[in-house]
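Protein chains: 4
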Amino acid sequence: MIAMGSKKRRGILERLNAGEVVVGDGGYVMQLERRGYVKAGHWTPEAAVEHPEAVRQLHREFLRAGANVLQTFTFYCSEDKLEISGNVTNITGAQINEAACDLAREVANEDDALVAGCVSKTPCYVKSHSEAEVKAIFKKQMDDFLKKDIDFFIVEFVDHVEEAGWAVEVLKTSGKPVGATLCISPHGDMHGVPPGECAVRLVKAGADIVGVNCHLDPLTCIRTVKLMKEGLEKAGLKAHLMIQPLGFHTPECNLGGYTSLPEYPFAMETRAITRWDIHKYAREAYNAGIRYIGGCCGFEPYHIRAIAEELAAERGFLPPASEKHGLWGAALEMHTKPWVRARARREYWENLLPASGRPKCPSMATPEDDYEKQLKSNIPT
Amino acid sequence: MIAMGSKKRRGILERLNAGEVVVGDGGYVMQLERRGYVKAGHWTPEAAVEHPEAVRQLHREFLRAGANVLQTFTFYCSEDKLEISGNVTNITGAQINEAACDLAREVANEDDALVAGCVSKTPCYVKSHSEAEVKAIFKKQMDDFLKKDIDFFIVEFVDHVEEAGWAVEVLKTSGKPVGATLCISPHGDMHGVPPGECAVRLVKAGADIVGVNCHLDPLTCIRTVKLMKEGLEKAGLKAHLMIQPLGFHTPECNLGGYTSLPEYPFAMETRAITRWDIHKYAREAYNAGIRYIGGCCGFEPYHIRAIAEELAAERGFLPPASEKHGLWGAALEMHTKPWVRARARREYWENLLPASGRPKCPSMATPEDDYEKQLKSNIPT
Amino acid sequence: MIAMGSKKRRGILERLNAGEVVVGDGGYVMQLERRGYVKAGHWTPEAAVEHPEAVRQLHREFLRAGANVLQTFTFYCSEDKLEISGNVTNITGAQINEAACDLAREVANEDDALVAGCVSKTPCYVKSHSEAEVKAIFKKQMDDFLKKDIDFFIVEFVDHVEEAGWAVEVLKTSGKPVGATLCISPHGDMHGVPPGECAVRLVKAGADIVGVNCHLDPLTCIRTVKLMKEGLEKAGLKAHLMIQPLGFHTPECNLGGYTSLPEYPFAMETRAITRWDIHKYAREAYNAGIRYIGGCCGFEPYHIRAIAEELAAERGFLPPASEKHGLWGAALEMHTKPWVRARARREYWENLLPASGRPKCPSMATPEDDYEKQLKSNIPT
Amino acid sequence: MIAMGSKKRRGILERLNAGEVVVGDGGYVMQLERRGYVKAGHWTPEAAVEHPEAVRQLHREFLRAGANVLQTFTFYCSEDKLEISGNVTNITGAQINEAACDLAREVANEDDALVAGCVSKTPCYVKSHSEAEVKAIFKKQMDDFLKKDIDFFIVEFVDHVEEAGWAVEVLKTSGKPVGATLCISPHGDMHGVPPGECAVRLVKAGADIVGVNCHLDPLTCIRTVKLMKEGLEKAGLKAHLMIQPLGFHTPECNLGGYTSLPEYPFAMETRAITRWDIHKYAREAYNAGIRYIGGCCGFEPYHIRAIAEELAAERGFLPPASEKHGLWGAALEMHTKPWVRARARREYWENLLPASGRPKCPSMATPEDDYEKQLKSNIPT
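Chains as they are written, first to last, in full-length UniProt numbering: chain A, 1 to 381; chain B, 1 to 381; chain C, 1 to 381; chain D, 1 to 381.
Note that these hints are calculated values from the structure, not bench results. Keep in mind that this is a model prediction, so the values were computed, not measured. All C-beta atoms, glycine included, are put in the ideal place defined by N, C-alpha and C. Each hint should be verified, as a subset may be incorrect.
[What the hints assert, rightly or not] Facing chain C, a subset of chain A residues (Cβ under 8 Å, in silico):
no.	residue
1	353
2	359
3	362
4	363
[As the list claims (entries may be wrong)] Under the rule of at most 27 Å between Cα atoms (straight-line distance), these lysine-lysine pairs were calculated in the DSS-like manner:
no.	chain 1	residue 1	chain 2	residue 2
5	D	204	D	140
6	C	360	B	280
7	D	176	D	238
8	C	337	D	135
If we strip away everything but chain A, and leave its shape as in the complex, we get:
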């Protein structure tokens, strides 16, 4: 059934409290880099002002794929980051933030999706380590967002729980719900704070939803969120769980994150996850008790659709984009080649081990940071 129908816009907590699955959107900056609108290395979101049609279209594709939330295209859109990148000379952060809110709202209203105003880590944190300065930056972004019609906030892509906690504290002053996702591994944040404790701190700071995003592959991110969940349970705290992992296979860098891979950022193609990898991810995330399930860098619209298709029974409907997708390859049944027709079934795709087509390339690379040393230290003594 393709039925978006008459559901009306309810808040993020209303949905999660009701036990609904909330499908997140995918990654904007890497996808818009490939489409020609974002500069890798800078990763700033000035396209919201310069090329709104491109941002609008990607929002639409995620919505059509089943996303219940559209995040504002405001990654790295703090004034200090924009200044460092030097990529935008005549556009202010406020202009971008406001334009991005309008774009997300416009598209979200084409269905009953929610808009999340997003902030990410600031250069200021590492440079100054000043709570006042960092909070002032988040406050400025929040004020931009509050001029517009957003539903809740997301703090994302922060690798120090301390900075994320400050962001949560600022955003909670708005009275809106706040989600917070760290880009950390099962081994904890950049100061060594374990995931369970990170979750506790974020909830104590006021976060309604906690989890992880980016930097690590889907199954590793699930492990981290499980550790967060356990930490919360031990502390007697409650929060909704959220996950938006990388759309790449990155087994070598599950401590340091994908920037340590030799392929980052311009040769990640080989590592891209398939829609079938997503089915497995979505099911495992659901089984782990996570109810806000989306993606980050590498997640394209068809990956988001695969989340929505895997969880169609739980959600009660398929997304609009499934009009153009036979479940588990069913549409191949009409192919002219008999061997392609034979692929119109779940078992085929679930068990396929795809070849790289690159006989001179290895399966795994050596990350830049000394992962192996860290791994050894991980054996209990």
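Please arrange chains B, C and D on chain A, whose structure you already have, making use of the hints.
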């Protein structure tokens, strides 16, 4: 915009005769499948009517990436194919063809790009093998196109040179230039006609531009076009050369084409070519004397940009999308991690052998058709 | 310098107490399987009686490669195991044990090597779990050995520390030194006893030398021995350390051991370690404080030579077989092909990542036991 | 012994003329290098004098594995080669040749095997290109052999058919049968003479048996021998066919030979063929009409046994070493682990794609010689 400047719209032959490099666009159906608008297995282009904004945006991205030609989104848009696919019940082929022409024209006019009306192989050919019936189908499509403002025609994705020749003969009656690309290997078409002879037949049928598209990887397609060139030279004929290969590494299937790979069509991610692979491809194509250089399935906007960047000196300008791209990774110079900064140079990316991130997956698969048997028969005796 | 010279036969503890490096021998059963004298699956050593010339020759090759100890070819030579295997009908365990002692002694005396009488795990342990019965089996083997001229005992290839402890207790009644190596991972024995505690129990049972052998690859075995060392240090105990790992790369099975790999036992070729892998292994083992360094299944004579070559400076001499080996490929300097001559240097071989020559084969397999589940449970919570 | 029975020593041509399968032996120099008796880079056979027990034992293992012919261990044993290598200072070529004949004879007589006196290419050929000088060298070796009891001659490892022809002409003066194997690819010898023509020249020079050995993997060598067979048929000539390929997977170097691989000679482990690869090879060789089937570098005794086991029905008996080998893994039926027991069947091993255990290593390497350029030139134009 980087120096697109004052060039005015000149015809495709005018450009090629002047020795200019013409950059083609990339693949529409696979990219729009991932964006949620095309059904794999059917691969029909009803989105031109149903979701014009999605088609328009992809046109724009290819234009921005440097394409000089936008192909109408009319793949498989013959009435007999649409009927078989059963994917579109209330939209006629004529509606799609006309809408697609308008979309391509609208975007092409945002710069000085040309619009090519495209026809592809018909189910009718294999079924009836009737010249009259097949030509009637091509005539009908041509008539749709001629109601609109297109610049020239492309016959593409035909694996029997006989059918392609019929299409050329029909389209030449329009008085417009005609390009023809076969989806064949260096071993020839489906009837065993070698590439050199295929080229001769197409030119004798009236084609102004000949070459190959889809089905095979870039370097293999170059080999095929070289064989076409040699065939033309031996026959004392002249034509422009064109190439629009797959954007995937497919070393195993260079006879049968990528539909014979186990990964087709839903697990091709691992095989995707990088922008650096494209640099090599564009240079080799140029060196082989090919001047119409584009892509087919798997070519995304950033791949087209890479063609334009590799041939920037020859063309005299960079494409608009290079505003958001440091050449050879130059924009990484400002990255916070020292090891990522060290990647801001050509040597790094040219020599990288990207890892798949999938230790349980092989490098090569076994294609469905008996490639190895064919390979063995290829040893001179 | 190739100088075995005038060193006279000193005991194993005398050597280790003096801080000398003792080079062990390699794997007998897998190598003799390939030579045609041992049946895979049974792995029993009746060749000591049936084909003494084959066993003698392999002893000689290990001696010539630099081994200071020759282990009697008595693997699985307990009566209960021989009976189960059914491979030998007319030869008794005592006959094999005695013949094997004579063979080892004969060859050891060609230089100043030592002979170690070896016992391995018994089927009786798992079946009966009776200390009396198991000890009686070890006592019987010991009595066979004591009829002959052996220098010390080795208990090897035991995966329950309890059984190994019983063996040590029996063998210590002989008054001879006893070494004990378990085939366990860094995660401990089959009852979950961690390596550190295993080492403590073995030393308390009377073992003079403790360590690991077989089942896991060299670098993993070093990790396990390090954990043993730490356990002994914490307990205030002292013992010499010993290591005789697999000669295969087995990254997937470092909990369950190589019998869980799909390639075991008849397709392990691809995983074989090179002599250059051995250099790294020998150095790391030495740096970890291990002084009895040899190999098990997969270690051929040239692997043992590589240990002796890596530690030539520490030992003060090269082994006889180095007469036929240029260090780090030096003998390639006289090759006719210039590119092979260019390989006559350490950097070349140290940095080489050898290709498998099998494009359809993966890098890693899925072991039979549920390694991944175990791995996940290994993340600290 | 399993049914070697009462066959008495009959000549090589007697056997081949009767349509029997003759199983050859495996590679001596690489195996004895690993055992510590041959120096890689030199590859000279002085061990026949220095360490006769080692050569004798390897002969015995090949005999036991099913070999009907033992080749004298006289590779590269021409005076000019020995001088260049400088590896042997006080032993003459004649001493080695004679000792090697005695060793082969001694072991061959333990069953009814034949002894083949072997000569290989001379440095003199490339240096002087003098027929007289080269023939004098072969004459000298032949005279050494004729002092001893050998059954026939083999010319092997020659990559110019001209030199091989000269050797055949010399050896035919002895009145004994002569076999000649070139180390060439399907593309012909080093002067570009195609395999078919090479075979014709060798037979015209007097060879009774022709084929290929070394340098290329088994299936490629079969292709070359097939081309030889076709050449002979076209010329109306008759000869027996022989094959002794590499025991390594070398898909990249099937023109230039394995010395062009980066792994040559000290990291070839990963490429070693399994016994199951041999079954396929032996069957295909037999089906191609080849009746003298053995191996060269990389073939160990168990590979020779696999030839004998695959062709047991055709030969009527199993080799002695099959006493210690369950066909197709049958002996695993008694293994303690259920999943290993499940491997006691042909289908398991025939379909296994063994993993390399090396995630950072690729599947294929780049050979030193420009294989790809050669490959491209191979496409028909």
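Here's how the hints hold up against the structure:
no.: 1; hint: 353; in the structure: holds (7 Å)
no.: 2; hint: 359; in the structure: holds (4 Å)
no.: 3; hint: 362; in the structure: holds (7 Å)
no.: 4; hint: 363; in the structure: holds (4 Å)
no.: 5; hint: D:204 to D:140; in the structure: holds (23 Å)
no.: 6; hint: C:360 to B:280; in the structure: holds (26 Å)
no.: 7; hint: D:176 to D:238; in the structure: holds (18 Å)
no.: 8; hint: C:337 to D:135; in the structure: holds (25 Å)
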